[in-house]
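Use the sequences and the hints to build the structure in full.
Number of protein chains: 2
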Amino acid sequence: MSKRFDTPQDAEDAFYDAFEAKDLETMARVWAKSDEITCIHPMSPVLQGREAVLQSWRQIFSSPAKLTFLVHHKQWIETEDLALHVVEQTITEEGQDRQPVPPMAATNVYRHSPQGWRMVLHHVSPPPPPVQVGPNPMHS
Amino acid sequence: MSKRFDTPQDAEDAFYDAFEAKDLETMARVWAKSDEITCIHPMSPVLQGREAVLQSWRQIFSSPAKLTFLVHHKQWIETEDLALHVVEQTITEEGQDRQPVPPMAATNVYRHSPQGWRMVLHHVSPPPPPVQVGPNPMHS
Numbered sequence: 023m024s025k026r027f028d029t030p031q032d033a034e035d036a037f038y039d040a041f042e043a044k045d046l047e048t049m050a051r052v053w054a055k056s057d058e059i060t061c062i063h064p065m066s067p068v069l070q071g072r073e074a075v076l077q078s079w080r081q082i083f084s085s086p087a088k089l090t091f092l093v094h095h096k097q098w099i100e101t102e103d104l105a106l107h108v109v110e111q112t113i114t115e116e117g118q119d120r121q122p123v124p125p126m127a128a129t130n131v132y133r134h135s136p137q138g139w140r141m142v143l144h145h146v147s148p149p150p151p152p153v154q155v156g157p158n159p160m161h162s
Numbered sequence: 023m024s025k026r027f028d029t030p031q032d033a034e035d036a037f038y039d040a041f042e043a044k045d046l047e048t049m050a051r052v053w054a055k056s057d058e059i060t061c062i063h064p065m066s067p068v069l070q071g072r073e074a075v076l077q078s079w080r081q082i083f084s085s086p087a088k089l090t091f092l093v094h095h096k097q098w099i100e101t102e103d104l105a106l107h108v109v110e111q112t113i114t115e116e117g118q119d120r121q122p123v124p125p126m127a128a129t130n131v132y133r134h135s136p137q138g139w140r141m142v143l144h145h146v147s148p149p150p151p152p153v154q155v156g157p158n159p160m161h162s
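Residue numbers (our numbering), protein chains in the order written: chain F, 23 to 162; chain A, 23 to 162.
No lab work stands behind these hints: they were computed from the structure.
Below, in silico cross-link-like pairs of lysine-lysine (PhoX-like), each with a Cα-Cα straight-line distance of 20 Å or less: (1) A/44 / A/25; (2) F/96 / A/55; (3) A/55 / A/25; (4) A/88 / A/44; (5) F/25 / F/55; (6) A/96 / F/55.
Remember, it's a predicted structure, so these values are computed and weren't measured experimentally.
Have a look at this one:
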């Protein structure tokens, strides 16, 4: 029997655990069984639908890098059917001496379904450059 | 009397109109009257609360650039109290001969309140580089 996520946070915990463990089966269970799901990796095009989204995780999990995550909530809005968590996720790579990548902002959205809470959006931005020059909508 | 946004799309239309017109007053009305609002401009740190968010728009609007937007919906989930729109926004700058910037992915979230629908999150990612090398959670 597959585990049910009774809260948005249960789904989020499973998401980051699956990411660390490179567990594609759990990752597939975290995402809603719908083609109305969207995943935006840093500097990557918008991916939509289960096939494209899960294919991207298969590709990420094929890397030998051993990643660990630190997740810090920045915004938290939960309603009966939809939940928005904005987080800063800090990724560190085991065995790497280089400076850790600065935290990246991620928007995670979960939707309630008869199968419990499932992820419908994961949108990650690359971290800002070290020297900040103020917001620029063209950033070019 | 300030205009009420009866649907999430009304608020979104006003958001992009205000962005094009550099209309800070309308922009301030689009955002929820709450400190639980978040704005993530491309390559910029996470901004939270009305003061920081509106200050960033004041700074963006102070640029002489005349921008126009083309907005294409990619994902659309609306519930009674919370609405998620993922869009691709293409910005062009008047009088510029250079190649237009490729579309940027934006997540816009709206929340229902006694004052109508208001924006609670605007999260924009920079466009992917011209040559795509596949999703990479470290992107470094």
